[in-house]
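Visitor: With the hints as a guide, bring the two chains together.
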Amino acid sequence: MTADPRAEPRTGRLTAWLRDNGVYAAVAVLVGYNLLFSANFATWGNLGTQVVQVAPVLIVALGMALVIGTEGVDLSVGSVMAVAAAILPLYLGYGFVPAVGLALVAGALCGALNGTLVAVVGIQPIVATLALLVGGRGLALVFADGQLTDIRNDDLLALGSGELLGIPTIGWIAAVLAVAVWLVVRYTTFGRQLVAVGGNRSASALAGLPVRRVLLTTYVISGVLAAVAGILATARLTASDPSAIGTLYELSAITAVVVGGTPLSGGRVRILGTVAGAVLMQLITATLIKHNLPDSTAQIVQAAIILVAVHLQRGSR
Amino acid sequence: MTSATETSAETRTTETRTERLAGLVQRRGSIVVLALVVLVSSVSFDSFATLDNARNIAIQSSFLAVVALGMTFVIISGGIDLSVGSVYALGGVLAAYGIQWGSLVGLALPLVVCGAIGLLNGVLVAYGRLAPFIVTLATLLGARGLLLAITDEGATTRLMPREDWLTHLGQGTFLGLGLPVWITLGLFAVGVVVLGRTRFGHATLAIGGSREAATLMGLPVARDTMLLYLGSGLLAGLAGTLAAAYSASGVTIVGEGLELDAIAAVVIGGTLLTGGVGTVGGTLAGVLLLRVIQNVINQVGTLSTHYQSVVSGAFLAVVVAVQAYLSRAHLRGRRR
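Those protein sequence lines, which keep their order, are chains Z and Y. For what it's worth, my numbering labels the leading residue of the first sequence as 1, then goes sequentially. For what it's worth, my numbering labels the leading residue of the second sequence as 1, then goes sequentially.
Mixed in with the good hints there might be a few duds.
Some, not all, of what chain Y presents toward chain Z, calculated at C-beta under 7 Å [claimed, not checked]:
| # | residue |
| --- | --- |
| 1 | 134 |
| 2 | 312 |
| 3 | 313 |
Derived by calculation from the structure, the hints in this document are not laboratory data. Don't be surprised by glycine CBs; every beta carbon is placed ideally from N, CA and C.
Isolated chain Y, as found in the complex (with noise of 0.2 Å):
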């Protein structure tokens, strides 16, 4: 016990290289693994390295994406937000509810309500200091309950006029990709500015490194925390209204597992689910990876779709086992 007092003035002075190492392919590895599989699927796959397919990809990647942003911040804070998935779904079928009395309407419905979800989510865990876990998997019931009452028990798929300004959101282009893409790509260039130069996204990271800590220092903690789940809950009513518009329905089937996915991209893309410690653009890498593995899987044909989840599923469970290993040297190191 004593040698951690001796030690801890010079810790930060010296990094030794393996460690240095490890933290980098921690924070880097999913962008170097995303790179590796894309280079090899382009030499394998004749189909894999073309516009179109690029194109597919993107729009595919981009409405989890927008998920897993909210849930990045989430996830750095120390908390989890599993109602996405359900938000989603009920963003969506707002969205083709709400059309009908006009386009704003059509986007404001659902921002609305899954942002006052988010502020539910929120004020539970920040100031009634429930368990995130379980106010968010109340919340998934809950979303997922609202969403089958307003649709006739899940029996009504509400279609979006094909020529209305909302419906274009999802389905128009700019410059050969989709507009969601560059939607996506917007809000990602807000959220690592968001994360690295605000103060909202400085306390975010003390919230989760230490909450004791982030309070004494005079944060405000219950009311970022706060913030941080309705972000959440209005990124994923906006993802869910974009794939409503992209497909011109609000479909009541989607968003089952979506939570799991977006949880599976932040920790892929080297955000500690303990909290502290996270990239927004990580994230990126790690949606873009889940989405490009699928396209594989999809390419090689032979392969039955099956395998697309006991793919993704063990490399979740390898990134997660040497993220512990990491940790665990990066820590090993600081206490020579």
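For reference, chain Z alone in the conformation it holds in the complex (with noise of 0.2 Å):
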């Protein structure tokens, strides 16, 4: 992960170490200040929420990560975890399992439905998941009849609010899957394809690399790991309710992968970064409301925040 030599002359050495480095340090001067500053900053009770509710952003972004090395981006992601959370209370009835794994189907499909549009059609990633996100939220609102439906399937309930050696359920499973998703950019063959595909897209597919298989898996990995974050918040909020869940993630998990130091130009995935991306993000609205300060100045500061990033990143091009 060293910087790209060719970058040196345009950006000194200590922007290009802020490029690489400057997530983890703001979230370790971030954690000390809260250490020092706020009062039960460091206790069980408090670390376990802020684990919960950065997991959802942090599932959505592993997937954005994966879209956005592809120099594509993914607008889709809350509208398919509404999609996801509409269909867990149609399908409960007939158990825990079933209404789990057709939920996940569901948002493999939106995946697929992104990936064809992009990598056989043709469109651009932005349009091609923004139809999506217009037309998945209203889907996702026909199929629960515009309702708000609470979860009584004691399954998914210990789902939302378990917890296994003091962690929370929803912090393990995030952990697993941004573990899984590091390896698989790291030793698989599809993370190195998905990585040249996303450097060069006809030097991939003149070198004979599979480019449309790649780019159609990446944004099926996008759809189904929105699925399961769709599925986590339904399960802690304990009610599916489809016109609120994953408003904005978009948003939040282009953020927190853009902070976390991958380029939107494609070409590179940092999964470590855009863990300390999301924490980052969620550390900082959390020492806001710690001190009062408003919803309105957290926006500003994270304004600020996505601006810098990319204003660092601007010579690793």
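Guide: Structural data, given as structure tokens:
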């Protein structure tokens, strides 16, 4: 993960270091600050809350990092979460496994639709996934008849509020998925193909890589991960709320990915950075709330951080 | 590879009929579909082809249309402006906030602030060379934060006095049509002239076609790019002001997802997201098409309103798929 040597003359060594490690440094600074100045920060209860809040965004951001690595973007993730959430109560009557399974299949289908539009039809990712962002939410509301449905399935509720070794189950799932995606990117053929396609699509095609299949698979993974996030968020909420669940998640996920050092221009995926990016954004919100600063300030601060992050990345193209 | 150099000289003269047709559908398809949808709806629903309903559609389209006008220019230049939804909401809130010091402040405040946000986008994209997608994503958040800051975290909705001339600008009518509709039509007329007849419009098309080539031609690429985002911010602020005047209040929850409607309208109108190709008139047809579909679904009654976004989304997917197919057919024709 060393910086591209060609970028050195344009950006100083400090800038290069900040670009690659700034997000970790920022997380460390914020954790240190909170340990010193925020009451009740380092309690199990508070840490558990933070983990539960960051987990769905993090899971969506993992898929987003892969898609952005292919020089694409997936705007539909929030709506896919809503579709998964809307499907759950329809099939919970048949049991936990069929309902969750079908919600995941729905996520995969949404991803396959995005992937087909991008890889086979050749539409720009922004518009292709925009169509599902608009249509997916409507579809979820049609499935649920616009209603909020209470979840009464014990298995699903346990998923939302359960703990293992003192850490929320949702946190474990997010951690396992993060490690799995990291391993895929780092050690599998698919991971290397994905980075190659994102770096130079036509060169990859000329080199004989299955460009379409790689793109299609990437969007399917993003769809499935969004469905997982939708299921977990629903379990946590103890209700399926397709009109509100996952709104603006696409923005949070893109923010986490970009702040984590994955360039929008593709060809590079940083999973650890993405995890740190999601954690950083959560810590910022939490810190501001702890000090009674309003939501408006949090949003303006987040905006500034995004701009600083992309500015630092400019040299890495 | 050699065939490309051989045929490049004669491409302009040997456009076949299918190629011309493909180009025509690309540019004018939205108007044809709009006409068809209007025709079918008029026959199917008694309440569709009434003067009241037409007025309704016109006023509902006007606010989105003003936002989409700015978006058209930005997208033609190869960029994108995701901040317009937030800026639109901010504009409305600022108008209702500023009107306490007089109507002129109520109009000027949103334009100045929204213009400043547009200018910030423009400077960062044009001179900072940052990706428009992410810059305007950041200002989307920032503008929403600003909105919350001046409305006590969204808890306060300020009203605009009914008798004020700024409120009249939103609610008044002329020849049976709402004033916002006339303002929109005026702005689109200006837009057509600017894109087709001015140096700035031609430069916008050239930048979208190829930024490098435009730079080599000596066009003021950075300045014009900055002005495009400034314009988009100003138009979004103006649209928000008009919408606030129309409802006589600065509603804080409007505008979420409006950037997506605007992008959809522009794309449906035949403007390519890759830049360099697009029309202002097509965008107007795209906006009307979205709003007519919305209106028709409301007319059907038995369909839940949730189908609206399903139909809009499906429609968008079909339109871009057809566009991709047509532009490929176009390219194939040129390679021959």
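Visitor: Please go over all the hints and tell whether each is borne out by the structure.
Guide: To see whether the hints hold, each was checked on the structure:
1. 134: 5 Å, holds
2. 312: This interface hint holds because 5 Å falls under the 7 Å limit.
3. 313: Cβ of residue 313 (chain Y) sits 2 Å from chain Z, so the hint holds.
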